[in-house]
Amino acid sequence: MGIRVENLVKSFGSVRVVDHVSFEVRPGELVALLGPSGGGKSTVLRMIAGLEAADSGEVWLDGARVDHLHARDRQVGFVFQHYALFRHMTVADNIAFGLSVRKIPLAEQKERVATLLEVMGLPGMGERMPSQLSGGQRQRVALARALAPRPKLLLLDEPFGAVDAKVREELRRWLRKLHDEVHTTSIFVTHDQEEAFAIADRVMIISQGKLEQAGSPVEILDNPATEFVARFVGDVNVLPGVSRQGHVHVGRVSVPAEDPHPDGTAVNVVVRAYDLKFWREDGAGVATVRRVMTVGDRVRVEAWLDEVEAPIFAQFPRRSSLLHGVEAGCRIAVEITQARAWAVHAPDAR
Amino acid sequence: MRGSLLLRLGVVAWVTALVALPVTVLVLRGVEDGPHAFWIAVSDPTAIDALVLSLWTAALATTINAVVGTAVAWVLVRWDVPGRRVIAALVDLPLAIPTLVAGVLLVALFGPQTAVGHVLIGLGIPVAFARTGIVMALLFVTLPFVVRAVEPVLEELDPAEEEAAYTMGATRFTTLVRVLLPPILPAVAAGAVQTFARSVAEFGSLAAVSGNIPHRTLVAPVYILGEVEAGNPGGAASVSLVLLAIALSLQPLAGALARRAGARHA
Chain Z
1 MGIRVENLVK SFGSVRVVDH VSFEVRPGEL VALLGPSGGG KSTVLRMIAG LEAADSGEVW
61 LDGARVDHLH ARDRQVGFVF QHYALFRHMT VADNIAFGLS VRKIPLAEQK ERVATLLEVM
121 GLPGMGERMP SQLSGGQRQR VALARALAPR PKLLLLDEPF GAVDAKVREE LRRWLRKLHD
181 EVHTTSIFVT HDQEEAFAIA DRVMIISQGK LEQAGSPVEI LDNPATEFVA RFVGDVNVLP
241 GVSRQGHVHV GRVSVPAEDP HPDGTAVNVV VRAYDLKFWR EDGAGVATVR RVMTVGDRVR
301 VEAWLDEVEA PIFAQFPRRS SLLHGVEAGC RIAVEITQAR AWAVHAPDAR
Chain L
1 MRGSLLLRLG VVAWVTALVA LPVTVLVLRG VEDGPHAFWI AVSDPTAIDA LVLSLWTAAL
61 ATTINAVVGT AVAWVLVRWD VPGRRVIAAL VDLPLAIPTL VAGVLLVALF GPQTAVGHVL
121 IGLGIPVAFA RTGIVMALLF VTLPFVVRAV EPVLEELDPA EEEAAYTMGA TRFTTLVRVL
181 LPPILPAVAA GAVQTFARSV AEFGSLAAVS GNIPHRTLVA PVYILGEVEA GNPGGAASVS
241 LVLLAIALSL QPLAGALARR AGARHA
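Chains as they are written, first to last, in my numbering: chain Z, 1 to 350; chain L, 1 to 266.
If you're looking for bench data, these hints aren't it; they were derived computationally from the structure.
Be aware that one or more of the hints could be misleading.
[Said to hold, decoys possible] Heads up, incomplete: computed chain Z residues facing chain L, CB under 7 Å, no partners named:
1) 53
2) 71
3) 78
4) 80
5) 84
6) 88
7) 97
8) 98
9) 101
10) 102
11) 316
12) 318
13) 322
[As the list claims (entries may be wrong)] Which chain L residues face chain Z? A few, computed with CB under 8 Å, are given here:
14) 154
15) 155
16) 161
17) 164
18) 166
19) 167
20) 168
21) 170
22) 171
23) 174
24) 182
25) 183
26) 226
27) 229
28) 231
[What the hints assert, rightly or not] Take a look, some chain Z residues computed to stay more than 10 Å from chain L by CB distance:
29) 70
30) 74
31) 75
32) 82
33) 87
34) 107
35) 137
36) 193
37) 286
38) 319
39) 338
This structure is a prediction, so every number in the text was calculated from the model and none was measured.
Even glycine gets a Cβ: it sits at the ideal position worked out from N, Cα and C.
Taking the hints into account, I'd like the entire structure generated from these sequences.
Spelled out as C-alpha cells, the structure:
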C-alpha cells in the first residue's frame, strides 16, 4: 500500500515545525526519515498517523485521502520510542488489543498472537507483564501489537532510541529481516544516519521542517542535493574556498569543481574524510599534523591548513602507505580527490 | 548501643501512651457495662439515625469526589489550562483551612439570611442546616484526597499509551475503560477510602453547617459529643466504638490499595 503526503504544514505556536513537506512512499518500501533532533520528522510521522492535525496539506493512503480521518480509522500501525505498552495487560493482551477492539473472534485472536510471538522471537512470553521484559523485548512486543491488526502502513518513531547500542544493532538487523518477510510499507524516524543507511530502501533527509532530499542511501552519499545534506551525512570537512576557472581553491590546494560557480565566488567546500590524501613532505607541505588517532581499523589524522587557517581531518585504513612517517608536528601535502562546493550565503552559515 | 535501646523503648512508650492506651480505654469503656448496655446505647434511635446519616452522606460524598477528583487530577496533569497553579493551590486549600471554618463559610454563603440561601430555600433545596449542606461540607473538606492520590499515577502514565490505543482502532470510550482507567483505579480507590474514612469522622465543618437536628441532620461524631456533654460517657464510647470499627476496617484496605497503586507504576 502506497502513501503520498502533499504540502504538509504544521506550526506549534509561532514555530513552523513542518514546512511544505511532500513525498511518496511506494508499496512495500522501508523508508527512513532522517534528520537532526527537533527537525520535524516525528511531527510528519504523527500527522500521517492522525495523532497530530496538519495545519494544511494532504495525506493519501492507498489512493484515498485520509487526513480528515481520526487516527482509529486510518489503519496505520504506530510504534513509539518508549514502547507505550499497556502496563496492566499481559504481553498477549497487549498484542491482541487491536484485534479485540475490532471484535475479531477470540480463537482467531489467539492464533494471531501466537504467530506474532513466534515471528518476534518471543515464544512462551504471552503471559508475562511488560515490566518483566527487557527493553529490546518490549519494543518487539510493541511492534507485534502494531502489526497484529494488519495495518496498511507501519510507522516507527525512533523505535530503537531507548535501548542500548548492542540491542539497537540487533533490532535494526531484525527489523530489516522482518520487513523483507512481511512487506508492510514502513516509515521510521531516526536521527542516526548509520541506522537510516543500514536498513532503509530510501532515506528522506528532513531539517528545520523541510524535506532536503529523498533518495537511496548511495544517492544521498554520492550526490547530496543541498549543502545541508552534504554537511549532515558522513564525516565531513567544511573548508573556505574560492571558485576559479573550473577549480575550487582551498588555500594552495585545488580540486576540479563539480558544481560550477562564477570566478571569484566564495564557496564552502565540503570534503568527506575519506576523499582526502595526506603524505609527509618535510620542509614543504601545506598543513601541519596535530594529532594521529587509531580508531579500530582506521586512523584519523587531524591537521591545520596553513593559508586558510582551518582544521582538516582525514581517515585512512590502518595499513595505508599514505601514513608513512605521518606523526604529530610533521608537515604534510594535501590532495582533495573529491569535493562539493556551495556558494557562501552571507552571513556564513557555519 | 545503650542510646539506641533507650530510643527504641522511648518510641514504644510514646506510641503506646499516645495511641494504644486511649484506644484500649475507649474499647473497654464501650463494653464495660456489658453487651446489653452497649446494645442499648447503639440501638438508641437517635444514635442509629446519626450513624446511618454519617454513613450515607460519606458514601455519597466519596462517590462524587472519586469521579470529580479523578477529573480534576486529569485536568491538572494533562491540560495546560491557564491558572493551573491557582487551581492546584485551591485543591489543597481545604487541608489548610480549619474544618470548622469551612462549615462557617458554607453557612455564610448559603445560610437562610443570605441572598443565595434565600433563593435556594425558595427552590426547595435548603443547604445550611440541611443534608445538602452536610454533603457539600464533606465534598469540600475531602476534595484533595482523590486528587492527590491519582495525580502521581497519572503523571506516570505515558500519553502515548492512549495514542497507541487510537492507532489500533479503539474508540475514546474503549480507550478510557481499557487503557486509562485500569492503571489509575487502585489510586482512585485508595483516595476514596481516605475520603470515606474522613467523611464518617468529620466533625468541625458539620457541627457548624448541619444544624445538628436529631433524626434529621445530626451526624454520629456530633451525636457523640452531645452524649459526652449530656453526662453519658458510656453511650458516647459505645457509638465511638462503632466509628472506630469502621475506621479500623478501612485502614488495611487503604494500605493494600495504595501499595497496589504504587506497585503498578513502579
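Quick rundown of the hints versus the structure:
Taking 7 Å as the C-beta contact cut-off toward chain L, the hint placing residue 53(Z) at the interface is violated, the least distance being around 13 Å. Interface restraint check for residue 71(Z): the shortest CB-CB distance to chain L comes to about 4 Å, inside 7 Å, so the restraint holds. Given the 7 Å rule on beta carbons, the hint for residue 78(Z) holds: about 4 Å separates it from the nearest Cβ of chain L. Nearest Cβ of chain L to the Cβ of residue 80(Z): about 4 Å, under the 7 Å cut. The hint holds.
This hint holds: residue 84(Z) has a C-beta 4 Å from the nearest C-beta of chain L, less than the 7 Å allowed. Interface restraint check for residue 88(Z): the shortest CB-CB distance to chain L comes to about 4 Å, inside 7 Å, so the restraint holds. For the restraint placing residue 97(Z) at the interface with chain L, the shortest Cβ-Cβ distance is roughly 6 Å, inside the 7 Å limit, so the hint holds. Contact between residue 98(Z) and chain L, as hinted, is supported at the beta carbon level, the nearest pair being about 3 Å apart and thus within 7 Å.
A cut of 7 Å between beta carbons decides the hint on residue 101(Z): the least distance to chain L is about 5 Å, and the hint holds. Interface hint at residue 102(Z): satisfied, since its Cβ lies 6 Å from the closest Cβ of chain L, which is below the 7 Å cut-off. A least Cβ separation of about 45 Å between residue 316(Z) and chain L goes past the 7 Å threshold, and the interface hint is therefore violated. Among the interface hints, the one on residue 318(Z) is violated; its C-beta lies about 45 Å from the nearest C-beta in chain L, farther than the 7 Å criterion.
At its closest, the beta carbon of residue 322(Z) sits 50 Å from a beta carbon of chain L; the interface hint therefore is violated under the 7 Å criterion. Proximity of residue 154(L) to chain Z is violated relative to the hint, the smallest CB-CB distance being about 13 Å (cut-off 8 Å). With a least beta-carbon distance of about 14 Å to chain Z, the hint placing residue 155(L) at the interface is violated under the 8 Å criterion. The beta carbon of residue 161(L) comes within 5 Å of a beta carbon in chain Z, closer than 8 Å, and the hint placing it at the interface holds.
Satisfaction of the interface hint for residue 164(L) is found here, the shortest Cβ-Cβ separation to chain Z being roughly 4 Å, below the 8 Å cut-off. At a threshold of 8 Å, the smallest CB-CB gap from residue 166(L) to chain Z is about 4 Å, leaving the interface hint in force. The interface hint given for residue 167(L) is met, as the beta carbon of that residue sits about 4 Å from the closest beta carbon of chain Z, less than 8 Å. Evaluation of the residue 168(L) hint against chain Z yields a held restraint, the C-beta minimum of about 3 Å falling below 8 Å.
Contact between residue 170(L) and chain Z, as hinted, is supported at the beta carbon level, the nearest pair being about 5 Å apart and thus within 8 Å. Against a cut-off of 8 Å between C-beta atoms, the interface hint on residue 171(L) holds, since the closest Cβ of chain Z lies about 7 Å away. For the restraint placing residue 174(L) at the interface with chain Z, the shortest Cβ-Cβ distance is roughly 6 Å, inside the 8 Å limit, so the hint holds. With a cut of 8 Å, the hint placing residue 182(L) at the interface with chain Z holds, because the nearest CB-to-CB distance is about 4 Å.
Of the supplied interface hints, the one on residue 183(L) holds, with its beta-carbon coming within about 5 Å of a beta-carbon of chain Z, less than 8 Å. Because the closest C-beta pair between residue 226(L) and chain Z is about 48 Å apart, greater than 8 Å, the hint is violated. The beta carbon of residue 229(L) comes no nearer than 51 Å to any beta carbon in chain Z, farther than 8 Å, and the hint placing it at the interface is violated. Violation of the interface hint for residue 231(L) is found here, the shortest Cβ-Cβ separation to chain Z being roughly 55 Å, above the 8 Å cut-off.
Non-interface status of residue 70(Z) relative to chain L is broken: a Cβ of that chain comes within 10 Å, the nearest being about 7 Å off. With a minimum CB-CB distance of about 8 Å to chain L, residue 74(Z) fails to clear the 10 Å threshold, and the non-interface call is violated. Some Cβ of chain L comes within 10 Å of the Cβ of residue 75(Z); the nearest lies about 8 Å off, and the non-interface call is violated. The Cβ of residue 82(Z) sits about 6 Å from the closest Cβ of chain L, inside the 10 Å cut-off, so the non-interface label is violated.
With a minimum CB-CB distance of about 6 Å to chain L, residue 87(Z) fails to clear the 10 Å threshold, and the non-interface call is violated. Every Cβ of chain L is farther than 10 Å from the Cβ of residue 107(Z); the closest lies at roughly 20 Å, confirming the non-interface assignment. Residue 137(Z), annotated as away from the interface, keeps every beta carbon of chain L farther than 10 Å; the closest lies near 17 Å. For residue 193(Z), the requirement that its beta carbon stay farther than 10 Å from each beta carbon of chain L is met, with the minimum near 25 Å.
Even its closest Cβ contact with chain L, about 54 Å, leaves residue 286(Z) beyond 10 Å, as expected for a residue assigned away from the interface. At roughly 49 Å from the closest C-beta of chain L, the C-beta of residue 319(Z) stays outside 10 Å, upholding its exclusion from the interface. Residue-level check passed: residue 338(Z) sits 44 Å from the nearest beta carbon of chain L, beyond 10 Å.
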